[in-house]
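On the provided structure of chain A, position chain B as indicated by the hints.
Respectively, the protein sequence lines represent chains A and B.
According to full-length UniProt numbering, the first sequence is numbered sequentially starting from 1.
According to full-length UniProt numbering, the second sequence is numbered sequentially starting from 1.
Hints listed in this document are in silico derivations from the structure and should not be mistaken for laboratory results.
Quick caveat, the model's predicted, so the values are computed rather than measured.
Cβ coordinates follow ideal geometry from the N, Cα and C atoms, glycine included.
Derived DEER-like restraints, expressed as beta-carbon distance ranges:
hint : chain 1 : residue 1 : chain 2 : residue 2 : range
1    : A       : Ser70     : B       : Pro243    : 38 to 44 Å
2    : A       : Glu366    : B       : Gln169    : 19 to 25 Å
3    : A       : Pro312    : B       : Ala56     : 54 to 60 Å
4    : A       : Glu232    : B       : Pro243    : 28 to 34 Å
5    : A       : Lys87     : B       : Lys219    : 29 to 35 Å
6    : A       : Asp2      : B       : Lys219    : 24 to 30 Å
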Amino acid sequence: MDLVEFQGKQLFRRNGVPVPAEGTACRSVDEVEAAARQYIEDDGATAVMVKAQVKTGGRGKAGGVKYAPSVDDAREHAANILGLDIKGHTVNVVYVEPASDIAEEYYLSVMHDRVNKGELIICSREGGVEIEEVNRTNPQAVVKRQVTPAERQDGLPREVALEVVTEANFPEDVREEAADLLVALFAAYLAEDATLTEINPLIKTDDGRVIALDAKVTLDGNAAFRHDGYAEWQIEGIDNDDPLEAEAKSKGIQYVKLDGDVGVLGNGAGLVMATLDVVAQNGGRAANFLDVGGGASADAMAESLGLVLSDPNVKSVFVNIFGGITRGEEVANGIVEATQRLGEFPQKLVVRLDGTNAEEGRRILEEADLPSVVSEPTMQDAAAAAVRLANEG
Amino acid sequence: MSIFIDENTKVVVQGIGSQGTFHAKRNQAYGTSIVAGTHPKKSGTTWEELDVPVFATVKEAVTEAGANTSMVMVPAPFTKDAILEAYEAGVQTIVAVTEGVPVHDMTEVYDTVVRRGGVRLIGPNCPGLISPGKSNVGIIPADITMPGKVGLVSRSGTLTYQIMHELAQAGIGISTCVGIGGDPVIGTQFLDVIQAFAQDPDTEAIAFVGEIGGSEEQKAGEWIRDNIPDTPVVGYIAGFEAPEGKQMGHAGAIVKEGGPGGESAAEKKEILEGYGISVAMNPSEAAQLMIERLDS
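Next comes chain A alone, as it looks inside the complex (with noise of 0.2 Å):
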């Protein structure tokens, strides 16, 4: 899961990497105003940033970051930032925070990387811009370093550290900060579970400190069973989630909301990829794509189907299973007590049914004889019948 930059900060925060004095999470203009004066009039502090919490890139470009040096700026950019559309997410919380003098910027992140297995610090004296495009222009300029297992065991070593941020050039008179901050980042990216924590810009203030002026990271969901489940990170407004993905995520099923009328259901994510790929392949275009896991009941088959049909530009379904930890008399429940928990709907399910027990499965369809179901013998078959009903429909 990936948080906001305010979650971020806090995250760093609780872990010793710095950041800037504590802000505000906002979602009104007027609560913009409070924070932006009490920074301003009642701390000091000569400017805030208004800044867009989304979970996309590209938030400055797009006109979700400002500088406000006075509380009617602060009021101005909220009112636009607020409502924001960047890049299919809506902006429902912006967080103001003191504006710190930026002297430098530089870039710094811990990432799992997938091709070494291990993790890769990427760090650059170029920072607050794309780190993808320095290193197309300046590849010199960004260095990566692959941490050991013995590293990964007892914690980065600070002569390590000290070894990346020289490598990459950072001044002389920030470097042994900027060490400091690496190891405790590493720390952080260890001890959350995370699999991302970039800062993009770390920056050098006037004064000469070394803090993360943003914070990006993405949480191993997998790892929340010994994070109290992450609660502490899912706030109201921020996921911008379509709301059946929503649902679906409160109910542990994988659902990603997509612009066509074929409703897609089937086991396993592969099989569903490819479910997809086929209705395309046939001239249709699938509406969402649904995993219903492996082992699922005839309960989780029946919620899944309820999901798939609550979506209104459903105009047909179809239902891809093969059975291995799945079992076929399951699925067949499982939609014989969906048809009889939704009532009627117009939808009809195109179903195809093999492996683990699919012949007790099929045998079950053919003896409740449901009038919105139809069966086809083959994953091509199904699509193409999936396809034609959804335009009839």
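Frame of chain A, contents of chain B only:
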């Protein structure tokens, strides 16, 4: 022959709950030699459904029952320790079916067990592997397979079944099918399996199922071009319709926004075809391409 498992495979099951029991029983019915289960509190009893002993530790299963392979079916929070225990007990092949294992856990496991330990780890979050007629370790439904000469490797469980099923209907059998799993950190990589198939005299052709995200398929493709250009190799990359930046189920299945490129299905297809590999747009076409390549 086959790769990784055969008629000498002796399996200990770690995690003898309802799922573990269901699938181990099915493996046993297929002819897989399941020699023990482990459970810290049920040591000394008999695993009724399979009629084999239950030990407290994997070590005992190795020394007393001769286990050389472990099937890990414990819940995700305990998977790291289970794999490490099997490794320390001297098990040669570890098949971790469990899904939802944290990345940091697997990073540590990969380093200890695979990189430094040199042990064969398959998974986690995988359907396991089957050598038709010899052994089945994991959750692959055996009744859709038959022995033959195509080696199959896949990142996706159900999609593997789909292709195997379509090949079987065309009368094409399998030497070994390995489901390596779709997570960012897994023990055995695409390329490892393809290299093992290249060494296996009974594997004459290779089919693989890839996915969006990562670069394992490209790496394997390069090796195929350089080392086994005459072997028929057919692939399918799932996710032509997957939108950028959205995770499609598998933790690893995501085309990154602003990523390095080559992670989408279309890009992977193009790269692999440049290496002389036939890449299909869907599972049926993959089976069809394999039939054509074997006939020619």
